[in-house]
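Novice: Each chain, written out:
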Amino acid sequence: MFETLVLMLDATMRVSTPLILAALAGLYSERAGIVDIGLEGKILGSAFAAAAAAAVFGSAWIGLVFGILASVSLAMIHGFACITHRGDHIVSGVAINTIVAGLTVTLSMHWFGMGGQTPALSGDARFLEITFPFADALRDVPVLGLIYSDLLSGHNILVYLAFLMVPVTYWVIYKTRFGLRLRAVGENPHAVDTAGISVAFIRYRALIVCGILCGLAGAYLSTAHNAGFLKDMSAGKGYMALAALIFGKWRPVPVLFACLLFGFLDAVAIRMQGVVIPGIGEVPVQAIEVLPYVLTVLLLAGFIGKAVGPKAIGRPYVKERA
Amino acid sequence: MTNKTMPYAIELRDISKRFGAVQANKDICLQVAAGTIHGIIGENGAGKSTLMSIIYGFYEADSGHIEVDGQRVQIRSSEDAIQAGIGMVHQHFMLVETFTVLENVMLGAEGGALLKQGIDAARIELQRLAEEYSLDIDVDAIVEELPVGLQQRVEILKALYRGARILILDEPTGVLTPQEADHLFRILKALKEQGVTVLLITHKLREIMASTDNVSVMRQGEMVAHRETAHTSKEELAELMVGKKVRLTVNKDEAKPSQVLLSAKHVSQFDSQGVKRLKDVSLELRAGEILGIAGVSGNGQSELLNVLSGITTMDEGEIEFAGETISAKTPKNAAQMRDLKMAHVPEDRHKMGLVTGFEAYEAAVLGYHNSAAYNGKILMNRQAMLDECKTRMAAWDVRPPNPHLKTANFSGGNQQKIVIAREVEQNPDVLLIGQPTRGVDIGAIENIHEQIVKLRDSGKAILLVSVELDEIMALSDRILVMFDGAVVGQLDAKDADERTLGLMMANAFTDPDSEQSNEKGAAV
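If you read the sequences in order, they're chains A and B.
So for the first sequence, UniProt numbering puts the first residue at 1; every next one is plus one.
So for the second sequence, UniProt numbering puts the first residue at 1; every next one is plus one.
A hint or two may mislead.
As the list claims (entries may be wrong) - Capping the alpha-carbon separation at 25 Å, the derived lysine-lysine pairs in DSS-like fashion look like this:
no., chain 1, residue 1, chain 2, residue 2
1, B, LYS252, B, LYS494
2, A, LYS319, B, LYS26
3, A, LYS311, B, LYS351
4, A, LYS319, B, LYS454
5, B, LYS341, B, LYS494
Keep in mind the hints are simulated off the structure, nothing from the lab.
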């Protein structure tokens, strides 16, 4: 029983990683007042770029760089539309998602001719699992051994990085000048402007951070969690991250727990595949897969109180006409 | 005019600014001596705010230049203005409401990439400023939980923290109680004694006369006069502002109130969070009288208007109107109230009075759009709407008289005329009118006041809600004062003076004769 739980938590960590990275990406963007429904597209774009570059150059790290570049470029397009030209954030985000969904498959067919996939990656072209020292030797220690060897050890570097990003984000948002300005710009950009700070510059920088984190999430999907790019492999993770962001009320630590909860439900769903529960029968996988969404709706509908987002979110900044 | 021996704290030379077809500022020259309080007065739309926005780097002037302490400066952004020692307290506060006072003050002047060292330095500096200028404040309070008077203090501290030697205040008393306003002027005097130069933008003559050393008058984008405050008068300034003689009081005869048209009994209302916003309000409104509701904004006046007009439903109590009893169990919506001949000019014309994207003739029928006069068999009768709009525009002197202009493009006063004309021309029995002259220039105020009195004299009942004490005192026949959702005082207009009303508005009035105010005072 305990072993099963550890294995499920282990799976939770793997499944949660892209959610955490994407949700934190969204946190930077939305705290700065830019609605980012384009997380999905950025993850997908990065997943494709990372897998393609890793396949060509044979290095997961080069893949990661290309993944981040792709994702940051998409974030900058979003910024150009929403910040410079004061466009509608949702429209721009949806446009990015749509374009990326088509473009990745088209480019992939053109370059690799494998029906929209990239070549399978192996060896250095993937991020491999890191085994902690003495992990094998300590496995037999009761309880703690299992936690150390199976739960904590044996993930790839991006998983650890994702978890590390939570305290880092907390520190950046609440303890640095950049964080103060970022929060201010999402609440009242006029206050920031009159304090002599450029609203656009802060927002662009927030979107660059957002792009980098989405880049990590995408690269994780195609070069760590899987061994190559598949059509639509982001599979709604960007939207789920957005739900986790709202669920966690735009705060780093609650967002982490929201992601872990969603990840856990996902792990349960995989585990429950084909399992027959006495008296009920086989639970359809879809019934469990839908849980994160149902949960978000239910909890937001009243159980966790009002989720109050940044006040100026989604509103283009226009200097007031006197 | 120019004095080369001593540099001015700030000097503007031939500043011009144009927005499309509108010449907002034209060849503005202004000299402000260091360590003085200089008033700039003018009607809404005279170009005061544009001029200040140019000084603070929000806009760049098309031509002309600015000198600070005799040095020519280029102000392209707020950052440049701050560098030049200019600070600004905006009419709508530029504060991050979810931040603490400290965070707000630090924003933009954090003193390093990490907040920690800056926070300690800011605490010490704020302590010093608080002592020097008597600007006490809890630096760890969340701004949105502070009363407006203190929020304004945060704005002043923000400017001083950045080392401002020239402080611009744009319509600073619009949201304050008379007591808070007095306190503000004491702070400004203290600032002046410390050598800070203060530029006070306002359209209230009383404030100019009471607190400034010099005053400049703007009209239609031009600077029309400079005066020493000691050598001018309210009347002269008012005349300069509007360019014609105006009277500051409303000419009206004694009211002849007759039968009760509307009576509210023990009306209470809760908001969505369960907070009681209206507490046991009872009032009677008689034909032929103007009942003024005074109070600092946010003390239940808006809720009262909403309940009376049918926009929201009361939770307790009842209203008798036009032979109907309206209560929580038998509510009437706003359209039904309109059918009973109740008209409503909402407090916020942009949010509730108009659809700013509509053309004037469309906005002029809102709420009455189902009326037979505007409708054909299937489609609306556009020609009828246009014709009526044109007639009204002529009658109410709406400028420009173009029914096709978007309502957003009219000035505040003309927008308000469109709204008031729409409601009054339906010949209602009861008119609820909220902030009839907010953001309206003096010429239009006069016109609007006259119309309200005319309506009263024709035997209608008027309930006037206004945060402007002058307006309440000039128009009302009877005055109720609201505080924290309850009526805390009632007096006859002829017994009312600013001090009494101000104390009542702050619920600090203790009169042995008035049990009501004592009772409420004890309960709060």
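Novice: Checking each numbered hint in turn, tell me which of them this model violates, lowest number first.
Specialist: The structure conflicts with hints 4 and 5, although it agrees with all the remaining ones.
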